[in-house]
Each structure stands twice: as C-alpha cells, then as structure tokens.
Amino acid sequence: MEPENSSPQTENGSIADSNSSLPSVQDQLTDRIDNLAQILTVLGNKNGLNEQRMVNLQVQINNITHRLVNIEKHLEVIEEYVKARDAQLEGHDTHLLYLRAGELETIWDKVTSNIELEDIYILHGADVALDMQALHFLDETDQQRYEVAKVGFKNLYGFPFNDENEQKITNAPPEIRKTIDKRANLKFLRAWKWSSETEHLVDMCDEILEKWENKLNWYYPNVQLRQEYEDLETLYINKGV
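Just so we're aligned: 169 in the working numbering is position 173 of the sequence shown, and the numbers increase by one with no gaps anywhere.
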C-alpha cells in the first residue's frame, strides 16, 4: 500500500515533475494571444481603411451635392429666361395673329362694300395655316371679329373655315397648303393682277387641288403631287413680277 502523499513515478521508477508541462501550455497560450493580437491589428487596420473610405465617400457626396445645388440654381436662371422669352414671343405671336385677322377683315369690308374680287388686294402673302390660327384666336377673344374674319377667309381661299376643311388642310401634304397659299396670292396680291401668267397658274393650282380633293376616286400618288407642285413653283418663281 502506497503512502497517501507519495509522488507519481515514471515507468523506471523516477518521480514525475508535475510542473514540466507548464511551459508548453504557456507557449501555446502566448502564441494564441499573439495571433489574436495580430488579428485585432489587421481588423483595426481594416476598420481604419473603412473609416477613411467612408470619409472619402462623404467628401464625394458633399461635392456632388454642391454641384447639384449649383445646377439647380443655373436651371432656375434658365427657367426664368425661358419664361421671359415665351412671354416676349407670345406678344409677337399675338401681334401677328391680329395682323392676319386684320387682313381677313379688310377683305370682308371690301366684299360687303360690293367691290369686285378682282379689285380687292391683300398686302401680305397668303398663309392658310396661320390664318386658321388667327380665326381660332378671334373665336376665343372676339366673336364679332371672328364672324367677320370668317367671311374674309372664305373669299380669300375659296372655301369656308370649318372643322372639316381645317382637318383636311392640317392633315394634307405640305404641297397642298402651299398650293392653296399660291392660289390666293395669284388672285389677290397686287403684283399678280397684271401678269399674263396669272390665269394659267391659277388653273394649275385648281388642277392640283381638284385631284387632291377627289383622291379617293382619282389615283393621285404623292410622287405625282410633288412633281406637279414643283412645276407650279418653278413657273410661279420665274413668272413672278
């Protein structure tokens, strides 16, 4: 029977040192602590980099915000300029519409004074599209002048102003609107009153418009329309006085 306080012995009977394993455990712990310290250092560096990146991003965001503020201010200046220009152009447009309306009213005045159409002149070139705008303007602002100008329109262009005719002219090829304008110029511009070519050119206009009016029953391709209008325009320019 061994004594109660006997020390453990090795196989060869020597006493085992109970503190002999402590250095190895301490070394392992020290290594782990060092590793953890390195990991923490790396994490700290990464956090530092992330913080710096966040700072850089914030600087960029601030710069972008500043630029956006400047852009908004610039856009406000542009918007004010555009509003001022629109108001100015609207004034010019209104003046032009009144001018066109006055021309139509003058025709009405002469027609109702029993003056022959051959003796009625217009001062400005015909513009059927603009004159339709002028009539709409009068319809919204002055009904009495609107009714008068409609009569002038019918005598100038040879057809009444109504929804059907407006839609047809608006949707027509540009050559048709130009032909309508030329026909009115030939009949009412003073310079054409004494031209020997006027009647022939009016007939050319009427032929183009008649074909277009009856295009459902009369094959009238756009190619032919453009060619006939070019022929009309060439004579109109060359024979103009």
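Just so you know, the hints here were simulated from the structure itself, not pulled from any lab data. Glycine is no exception: its CB is placed at the ideal position from the N, C-alpha and C atoms. Treat the hints loosely; a few may be bogus.
[As the list claims (entries may be wrong)] If you anchor each label on the Cβ, the simulated ranges turn out as follows:
no.: 1; residue 1: E226; residue 2: A187; range: 42 to 48 Å
no.: 2; residue 1: W190; residue 2: L95; range: 32 to 38 Å
no.: 3; residue 1: L95; residue 2: V73; range: 17 to 23 Å
[Said to hold, decoys possible] Calculated pairs, PhoX-like style, for lysine-lysine (alpha carbon to alpha carbon, straight line, at most 20 Å):
no.: 4; residue 1: K164; residue 2: K106
no.: 5; residue 1: K189; residue 2: K211
no.: 6; residue 1: K211; residue 2: K235
no.: 7; residue 1: K69; residue 2: K106
no.: 8; residue 1: K164; residue 2: K174
no.: 9; residue 1: K106; residue 2: K79
no.: 10; residue 1: K164; residue 2: K207
no.: 11; residue 1: K106; residue 2: K174
We went through each hint and held it up to the structure:
no.: 1; hint: E226 - A187: 42 to 48 Å; verdict: 22 Å, violated
no.: 2; hint: W190 - L95: 32 to 38 Å; verdict: 26 Å, violated
no.: 3; hint: L95 - V73: 17 to 23 Å; verdict: 33 Å, violated
no.: 4; hint: K164 - K106; verdict: 28 Å, violated
no.: 5; hint: K189 - K211; verdict: 31 Å, violated
no.: 6; hint: K211 - K235; verdict: 29 Å, violated
no.: 7; hint: K69 - K106; verdict: 56 Å, violated
no.: 8; hint: K164 - K174; verdict: 14 Å, holds
no.: 9; hint: K106 - K79; verdict: 41 Å, violated
no.: 10; hint: K164 - K207; verdict: 14 Å, holds
no.: 11; hint: K106 - K174; verdict: 25 Å, violated
Hints 1, 2, 3, 4, 5, 6, 7, 9, 11, counting from the list given before, are not met by this structure.
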